[in-house]
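All chains, please: the whole structure from these sequences, using the hints.
Under our numbering, the residues of the sequence shown are numbered 346 to 584, in order.
I should point out that these hints are in silico values taken from the structure, not numbers from a laboratory. Not one of these hints is a red herring.
Using 27 Å as the maximum straight-line C-alpha spacing, the simulated DSSO-like pairs for lysine-lysine come out as follows:
| no. | residue 1 | residue 2 |
| --- | --- | --- |
| 1 | 464 | 348 |
| 2 | 464 | 441 |
| 3 | 348 | 405 |
| 4 | 348 | 460 |
Between beta-carbon pairs, the in silico distance windows are:
| no. | residue 1 | residue 2 | range |
| --- | --- | --- | --- |
| 5 | 528 | 375 | 44 to 52 Å |
| 6 | 385 | 365 | 18 to 26 Å |
| 7 | 532 | 370 | 47 to 55 Å |
We put the CB at the ideal spot given by N, CA and C, even for glycine.
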Amino acid sequence: MKKRYTDVARRIMQDIRAGGMQVGDPMPSEAELCARFGVSRSTIRSALSQLQTLGFVERKQGAATRVTATQAAPTYVHAMMASNDLLQFAGPSWRKVQSITPLIADEELASQLDKQPGKHWVRISQTRHIESQSAPVGWTDVYLCQRYADIVSEIPEYPGLIYTLLEERHQVLIHEIRQTVSAVPVPEYLAERLDVATGDHALRLTRHYLDAEGESLLISINILPANNYRYEIRLMRQG
346 MKKRYTDVAR
356 RIMQDIRAGG
366 MQVGDPMPSE
376 AELCARFGVS
386 RSTIRSALSQ
396 LQTLGFVERK
406 QGAATRVTAT
416 QAAPTYVHAM
426 MASNDLLQFA
436 GPSWRKVQSI
446 TPLIADEELA
456 SQLDKQPGKH
466 WVRISQTRHI
476 ESQSAPVGWT
486 DVYLCQRYAD
496 IVSEIPEYPG
506 LIYTLLEERH
516 QVLIHEIRQT
526 VSAVPVPEYL
536 AERLDVATGD
546 HALRLTRHYL
556 DAEGESLLIS
566 INILPANNYR
576 YEIRLMRQG
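If you want it as structure tokens, here you go:
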């Protein structure tokens, strides 16, 4: 069951995105928000805290809470206080959708995703390209939770990240991204598509896009041959 503050945060975010409040505008008082949503002061404070984490509002002691953005901040910070991670290719890149397949996760696939066999997904298989190279620089299988399948038709022409499209169309919040990285050989079924030899070195990046309750709404599995990318993490000293 979703926490009440998450629903309140979603509704406030929806109002901001729709133009109900502009950047710089003060938010209604906590008492006004309590009356509007019929919830307790602690629920309102938790909702505002979530909106602050997402970059929508700024809260300062002794001052009114103010709107600071109409879209969620696009970066995510590592728990160890690192900056956002960067996946960089040798030039601007774009995706090309290869196939879109509804499926039900069996035991093997579920072990790679969220360990829930029987869950319905839509798999969007895509290659990533750069101008300086004829062959794709990587392969990605994106698994989208079936209840959001209505956005699939927009994905091939959508220029941004798929999770931002999900947020825009369904007014959901990606609260956290969890990423695991492992070294793998290029699978045989992808070698010809990526114009590399079977068994060549590659990185496998798996990303889980989670809501506030920890449910994976979107999962991407990226296979990136070693000669096509660099992976960079910057650790910044904090004052």
